[in-house]
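Please model the entire structure based on the sequences and the hints provided.
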Amino acid sequence: MSGNWSDLRARTGSGLAMVAAGALAIWLGGLPFIALAVLVTGLMIWELAAMTRPEGAASWPAVGLGLTGAAALFAVVFGHLWFLTPLLILPAALGSFATARRDRAIFAAYAVLIMLAGYALVALRLGVGPGVILWLVCVVVASDVGGYFVGRALGGPKFWPRVSPKKTWSGTVAGWFGAAAVGGLFAAAGAGGLALVWLSPIVALAGQMGDIAESAIKRRMGVKDSSALIPGHGGVLDRFDALIGAALVVLLLVPLMPQTLFGG
Numbered sequence: 045m046s047g048n049w050s051d052l053r054a055r056t057g058s059g060l061a062m063v064a065a066g067a068l069a070i071w072l073g074g075l076p077f078i079a080l081a082v083l084v085t086g087l088m089i090w091e092l093a094a095m096t097r098p099e100g101a102a103s104w105p106a107v108g109l110g111l112t113g114a115a116a117l118f119a120v121v122f123g124h125l126w127f128l129t130p131l132l133i134l135p136a137a138l139g140s141f142a143t144a145r146r147d148r149a150i151f152a153a154y155a156v157l158i159m160l161a162g163y164a165l166v167a168l169r170l171g172v173g174p175g176v177i178l179w180l181v182c183v184v185v186a187s188d189v190g191g192y193f194v195g196r197a198l199g200g201p202k203f204w205p206r207v208s209p210k211k212t213w214s215g216t217v218a219g220w221f222g223a224a225a226v227g228g229l230f231a232a233a234g235a236g237g238l239a240l241v242w243l244s245p246i247v248a249l250a251g252q253m254g255d256i257a258e259s260a261i262k263r264r265m266g267v268k269d270s271s272a273l274i275p276g277h278g279g280v281l282d283r284f285d286a287l288i289g290a291a292l293v294v295l296l297l298v299p300l301m302p303q304t305l306f307g308g
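This note's numbering applies: residue 45 is where the sequence shown begins, and numbers increase by one.
Since the hints were made in silico from the structure, they are not lab data. From the three backbone atoms N, C-alpha and C, an ideal C-beta is built for every residue, glycine too. Treat the hints with care, since some could be wrong.
Claimed, not checked - Derived CB-CB ranges, DEER-like:
{"hint": "1", "residue 1": "Gly100", "residue 2": "Leu198", "range": "42 to 52 Å"}
{"hint": "2", "residue 1": "His124", "residue 2": "Pro205", "range": "36 to 46 Å"}
{"hint": "3", "residue 1": "Glu99", "residue 2": "Gly228", "range": "42 to 52 Å"}
{"hint": "4", "residue 1": "Ser103", "residue 2": "Phe127", "range": "29 to 39 Å"}
{"hint": "5", "residue 1": "Leu68", "residue 2": "His124", "range": "37 to 47 Å"}
Okay, structure coming up:
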């Protein structure tokens, strides 16, 4: 296999493994889901800190920030103690003011978004139910898969060439249609209302913007991938960047919609 599809086998294998682990955690809920969210969040903070450290700087502060992010999120979500939510900004504060850092403002802003997204995922799973998480993940995956295959097959004008040279308008729009199809399937299965058909593309767009934001940071830092943890995908941040934007938008949308929109 060569050309545009050379990474498909690695992407498929690691993708299936992530889907299996994620599906199990979503189904189990509770502590297993919290543990997965905490792990992923901590790894993303570590990758962001590693990407933004000055050239030649020690690597251990990035590890420490990742552990801090994981511990802070666990403290906030495990005890359901609202007064601990300021801990979510701890990695951003420490990374910006207590360690050497390139582009402190960019690190701080994106670190806060990562922490809020981790919190959003747990809050949605525990507060609304597995249905909303399953829908959210399916929308992001459908948008990503649709964009990957259609974009590479059809090509065409670039969506934002200065930031993400590989993304095309054909793939972006295909992602919206894929997301709408997911919303329609959930509605047809009785797992949600018809509003999911038009909400899903909005969530997909938020996910695409999350992907673009991470691409912009990588481009600014001069790196191809956030790390090499996941074969065919790069790092955890490379794989879950879309979920950051999507989860935050869904957390904002849920209070505006009936709780019965999703299966509990």
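Against the structure, the hints come out as follows:
{"no.": "1", "hint": "Gly100 / Leu198: 42 to 52 Å", "in the structure": "holds, 43 Å"}
{"no.": "2", "hint": "His124 / Pro205: 36 to 46 Å", "in the structure": "holds, 45 Å"}
{"no.": "3", "hint": "Glu99 / Gly228: 42 to 52 Å", "in the structure": "holds, 49 Å"}
{"no.": "4", "hint": "Ser103 / Phe127: 29 to 39 Å", "in the structure": "holds, 34 Å"}
{"no.": "5", "hint": "Leu68 / His124: 37 to 47 Å", "in the structure": "violated, 23 Å"}
When each numbered hint is compared with the structure, a violation occurs for hint 5 only.
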